[in-house]
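With the hints as extra help, turn the sequences into a complete structure.
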Amino acid sequence: MEYSHRYHAHPTQEVAERLDNHIDIHRQAYNYTRYEYENVNADEVGSAYKHHDRLTDWKDEYPVFKEVHSKALQRTVTRFYQNLSNLSKQKENGNKVGMLKWKPPREYQSITYSQSGFELKNTSGRRATLWLSKIGDIKIRYHRDIPDEADIKEVTVKKETTGEWFVSFGLETDDADLPEKPGVDSLDTSNSVGIDLGIQNYIHTSDGKTVDWLDLEDDCDRLRREQRKLSRKQKGSSNYEKQRREVAKVKRHIKRKVLDYQHKITTWLVKEYDAVFVP
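Letter 117 of the sequence shown, counting from 1, is numbered 1389 in the numbering used here, and no numbers are missing.
Derived from the structure by calculation, the hints contain no laboratory data.
Among the hints, erroneous ones may be present.
[Stated by the list, open to error] So the derived label-pair ranges between C-beta atoms look like this: (1) H1282 <-> Q1387: 24 to 30 Å; (2) G1366 <-> N1313: 27 to 33 Å; (3) K1363 <-> N1313: 21 to 27 Å.
All C-beta atoms, glycine included, are put in the ideal place defined by N, C-alpha and C.
Here it is in structure tokens:
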């Protein structure tokens, strides 16, 4: 089973600047992958595996690519081809989509280390340390343990629009180590419930209970006010960037409020009933 754990990161100013620099180099690598895909002989590109063979030439021609970890650089090339594959699937499903576009700095804010180049240390308390090759140590708020039976396959560091940093660990656990899932026939349905999404109410339960929609009117009003302020700022100025982060913080607040509401509902359901059925 594959899943992920996400943690709030607190890099020092020096490490944060290094992360920003590495992310921008990876952004350039992503854009150069796109350029070569469109302009280089198809026999030399066309898949992530083929494109990885070109990275040595990249480093000779553009020494800046030597500054980042080699596996992370490969992962950035793979990222382009994964996006390309997702685009093709959308086209196959009948969706109208365009081409993959050049990524400006604001639209590329993460890097991924795959297989090597990272180490999670000092995990005994509520603070842990993530070491990344060519970047250094990053303190993270270790609010939940990674299971002993889980293997860390990759690590992604992302800078949110609010300026906050987060670390996600891509984990893999052998199915044999997972608790056995009970069969449907073995469930005691005497204390079960069915739920359905409503229009006037958020959810309806089969035993007649309803949960109202979360009231976000005040939050949405605040978001509109902050967006109006942003529209009056000169794009690219320091005041524009400051206000853009204010808008991002309001959006983050709304998102967290919704997730908290959903979590409280699901917690109530699993505590109240032995089985919950969703159509």
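These are the hints, each one checked on the structure:
no. : hint                        : in the structure
1   : H1282 <-> Q1387: 24 to 30 Å : holds, 25 Å
2   : G1366 <-> N1313: 27 to 33 Å : holds, 32 Å
3   : K1363 <-> N1313: 21 to 27 Å : holds, 24 Å
This entry satisfies every hint, going by the numbered hints stated previously.
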